[in-house]
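Going line by line, the protein sequences match chains P and C.
Heads up, the first sequence is in the numbering used here, so the first residue is 1 and it goes up one at a time.
Heads up, the second sequence is in the numbering used here, so the first residue is 1 and it goes up one at a time.
In short, the hints are calculated from the structure, not lab data.
Possibly wrong hints are sitting among the right ones.
Which copy is meant is left open, because identical chains are indistinguishable; a pair holds if it fits in one copy or across any two.
[What the hints assert, rightly or not] 16 Å max Cα-Cα, derived EDC-like pairs, lysine to aspartate or glutamate:
(1) Lys94 - Glu37
(2) Lys125 - Glu16
(3) Lys138 - Glu93
(4) Lys60 - Glu184
(5) Lys57 - Asp23
(6) Lys57 - Glu16
Number of protein chains: 2
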Amino acid sequence: MAMLKQQLRLLERITETISYNLDLDEVLMQVVALVSETMKADSCLIYLTQDHHLILKASKIPHPKMINKVALRYGEGITGWVAEHRKIVAVSEKAYEDSRFKFVAQLDADEDKWEAFVSIPITYKDEVVGVINVQHRKKRQHTETDLSLLKMIATQVGGAIYNAKLISETRMLKEALETRKVVEKAKGMLMKQQHLSEDAAYSLIRKKSMDMKKTMKEVAEAILLTLSL
Amino acid sequence: MAMLKQQLRLLERITETISYNLDLDEVLMQVVALVSETMKADSCLIYLTQDHHLILKASKIPHPKMINKVALRYGEGITGWVAEHRKIVAVSEKAYEDSRFKFVAQLDADEDKWEAFVSIPITYKDEVVGVINVQHRKKRQHTETDLSLLKMIATQVGGAIYNAKLISETRMLKEALETRKVVEKAKGMLMKQQHLSEDAAYSLIRKKSMDMKKTMKEVAEAILLTLSL
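When you get a sec, could you build the whole thing from the sequences and use the hints?
Here it is, written out as structure tokens:
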């Protein structure tokens, strides 16, 4: 009973974290900290998929040099197996003997022999977007509730990842639209005032942008400012 | 214990519904059904905010004619109070005597006297985006777990609403960008082949779009097709 209440409390805190945080890295760090605390885990890692690889994004014991560096292929180790098969792996003892296990030299010190290991795919709308691992040095029987809790957390994290992607996509699209508007205006002004053809006006803006290592938008804004003086 | 397990199961189903469903209306309907079932509620309603009003978007007993029609102002009734103050209201009996209560003639039949009433703000990143109401005809003591469960559901629904907004914003931005690209091309072609000024070319596309009740993009595409023949 107390355990279940504690788990509900964990979910509550993770739901809040995801809802109130704009920054994905921050969300992943908080999730790792909350899961480790509640499940008394010795290690907790989150990998996100990128170009068909799994990149380490958050870790309980901070390996600051390893974040964004450790990359597993699909099918590599338990983590890669989980991403490839979209299935949970829960081993309660001797995880190190699992044939899928892969020792990641950058992460595991020699004495780190995980007995218990849970690895859960993070999915969003049927797509695998990452993997969460929870590891214990001692044997641990994972209950059904443990696993359903981790599944819910993985699903919510999946939503947060999708959200972060949408936010950055929206930002890029806005920027692209803004650039087009400004460049178009600057082009029109160059055509009128400098009697350039459309192509020549465009090439001029592009060349300036490359020469001065400024964005096309910055160059176009400078042209608009100058020619309207 | 059984109750807590049931509540965890509810959360699990709602988390899944939100993760796998692209359509927001569908998500809201499912949430209403799942909450009603688990809490054995006689009524469950979801309102979303729109231009500082609360619009009914989903209801346990389908009021198909009322969906999108019932609109409450902030501060109006318990629902409006909850949205305005961003606070939960949980009344265990005689909700109809609450001074904030407002009888919504379109929704409540004469015999509908709610004894128990819970109203929870749906927030996302500190912004109120809606309200969930759960109503019982009989008295009901809402437990702390009931309320924390509803809060989590509200937070997750908030995420789904935000997501839906982002998706539609992204779609509109893509469309706008696509339109700009095509219109720009068509304009360039008209300028070259018909010896029009930039403004004249643009005006021509705009006029055609209005005359033929087609989008600028459609007109531009037709021009590109024709002039490249």
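- request: Taking the numbered hints from earlier one at a time, note which ones the structure violates and give those numbers from smallest to largest.
  value: 1, 4 and 6
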